[in-house]
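Trainee: The lines below spell out each chain.
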Amino acid sequence: MMKLLLKIFFTFFLLLFTSCGGEKTEVQKENQELANINSMQINLPDSAGKDIFEANCLTCHSSAYIQMQPNFSRKTWEKTVEKMKKNYGAPMDSVSAVKIVNYLMAIKGKK
Amino acid sequence: MKGIIEKRKLLNRTRNKIRKIIFSLYLLTVKKINHLILSLVLLSCSSGETPDNEKSENKDTGKKQNLVTADGKGAMLFLTDRPPNLETPLRYFLYDYTPNSVFFVRWHLSELPKEILIDTFRLRINGNVKTELSLSLEDLKTKFTPYTVTALCCCAGNARSFCEPNVPGAQWKNGAMGNAKWTGVKLKDILEKAGLKSGSVCVSFNGMDSPPLSGTPDFVKSLDINHCNDGKVMIAYEMNGESLPMLNGYPLKLVVPGWYATYWVGMLNEIKVYTEPYKGFWMEKAYLIPKGKKDANENHDSLSKDMEPINKIGVRSLFVTPEPDSILKTGIDYEIQGIAFDGGDGIAKVEISMDGGKTWTVTKLDAEIGKYSWRRWRHKFTANAKGEYTFLVKATNVKGETQPAHHWNRSGYMRNEIESLTVKVQ
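Which chain is which? The protein sequence lines are F and V, in order.
First residue of the first sequence? That's 1 in this note's numbering, and the numbers climb one at a time after it.
First residue of the second sequence? That's 1001 in this note's numbering, and the numbers climb one at a time after it.
These aren't lab readings, by the way, just hints derived from the structure by calculation.
It should be emphasised that the depicted structure is a prediction, and the values quoted were computed from it without experimental measurement.
It is possible that part of the hints are untrue.
Stated by the list, open to error - So, partial list: chain F residues that the calculated Cβ filter (under 7 angstroms) puts toward chain V:
id: 1; residue: L34
id: 2; residue: P45
id: 3; residue: A64
id: 4; residue: T80
id: 5; residue: Y88
id: 6; residue: M92
What the hints assert, rightly or not - Taking beta-carbon pairs under 7 angstroms as the criterion, some of the chain V residues facing chain F (in silico):
id: 7; residue: L1067
id: 8; residue: G1072
id: 9; residue: L1077
id: 10; residue: T1080
id: 11; residue: L1090
id: 12; residue: R1091
id: 13; residue: P1165
id: 14; residue: L1213
id: 15; residue: T1216
id: 16; residue: G1331
Beta carbons are placed, not taken as given, at the ideal position from N, Cα and C, and that holds for glycine.
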């Protein structure tokens, strides 16, 4: 009877241990299914000026910065692009800046 | 002989029965324990819902909420990948201490070191000091008295996405904050070791993150000298008893209890003492709030002209469970639960309203964890009738400061509008 009890306890802990391991693998699996931010592809909608947006803006930040924004008015987008130029030193000329604002209005503009 | 065989058979049968009973008991126990582990893993122990419900709910919301992962991090809400900005899912606020693996991530500049060689890492202290210092992590751990504080780290722009009208910026929900136990060295001890020269007025803090363009100002913050010497501001090498995750500022983070997270410079490697106020973009142009306006509230038709750097955390409370759009049942006792905090004066009361703010009922507060920690509040709720229920929650601190019915400013900083929660009872 003692042997039996010992066996039971042994298998009990063995199973407990393996089941804990099982939970971890499940969590790891869940994480594996999620995209890692180091290898993400964010595709913004196509519209005129997308290439200029990409050439001028993506040096410092990814497209996710636009993707997460709600729709804004032209005035707000103009201010934002101006801020990038003036405060953060984005090296874009004024023609490109207008094209970028137009692109942002096309994909995230508030009419 | 026959009798003995019969007895043995009987004995064997009884043994088998006992074995079966023990085996089923043991299976049951394993199941129970597995269940317990599962519920712990899913953090559902205090939500009042069954773990299975929670699990399926999480799977659904996981897709809806746009969960991602990052090096050294668990599943978090995605804002941006480069520079990385990740938000803590609300359910983790059921814990008093936010787990490091899901603690919110916020960086301004995309040139972030991928790894830090700890043997060669040094924290430099220079400027208006008698002795310039160059401290290794080991120096900080062995040559100074360790200090631990529990403090809420709350992003200035937390909850920005709820601002009406919307404002540009990182579109955080409520998860750009976390409560942790920070261990490290008091800043005043380090400044004392370096020896402040006379005329010192402020100190700047720079981390190892840098801008990809030369025209972008490096992220540097500063604090007044008296604030630095108050014995509360510290440099943490541990959060919740472990090294900081890379994305939370490993190996060192400035901890400014009661102040917004913009001052909590991560990957801190340079401290500089000045004889005149520090003038830098991130102090003079960014992170500014309307000066002298309660809760930094302003009207979008007449923006304030006088601005000042953001500072102390404002009074705020929020709901943690049930989550928005939850479906509850009649006749069941639920616990509405949330957290409240301020800049370190202390939460005096948290009230809940079920009639749009006409009448308020005081909720039950958990014991205070620390002056700079958030504090949990709980309120029992049982619905007798089906329908939609809307709750409001409002905190008041010991100074009598409370939350506004409407809150807005151009940058979406310090949002502390009285929060509402709507649930359906079916």
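Trainee: Please go over all the hints and tell whether each is borne out by the structure.
Mentor: These are the hints, each one checked on the structure:
1. L34: 4 angstroms, holds
2. P45: 17 angstroms, violated
3. A64: Check passed: Cβ of A64(F) comes within 4 angstroms of chain V, closer than 7 angstroms.
4. T80: With a closest approach of 5 angstroms, the T80(F) hint holds.
5. Y88: 5 angstroms, holds
6. M92: The hint is violated - M92(F) has no Cβ within 7 angstroms of chain V, the shortest such distance being about 11 angstroms.
7. L1067: With Cβ-Cβ at 6 angstroms, under 7 angstroms, it holds.
8. G1072: 11 angstroms, violated
9. L1077: Violated, about 10 angstroms.
10. T1080: 4 angstroms, holds
11. L1090: 17 angstroms, violated
12. R1091: The hint is violated - R1091(V) has no Cβ within 7 angstroms of chain F, the shortest such distance being about 14 angstroms.
13. P1165: 9 angstroms, violated
14. L1213: With a minimum Cβ separation of about 5 angstroms from chain F (threshold 7 angstroms), the hint on L1213(V) holds.
15. T1216: 5 angstroms, holds
16. G1331: Since the shortest Cβ distance to chain F is 34 angstroms, the answer is violated.
Hint compliance for this structure: hints 2, 6, 8, 9, 11, 12, 13, 16 are broken, all remaining hints hold.
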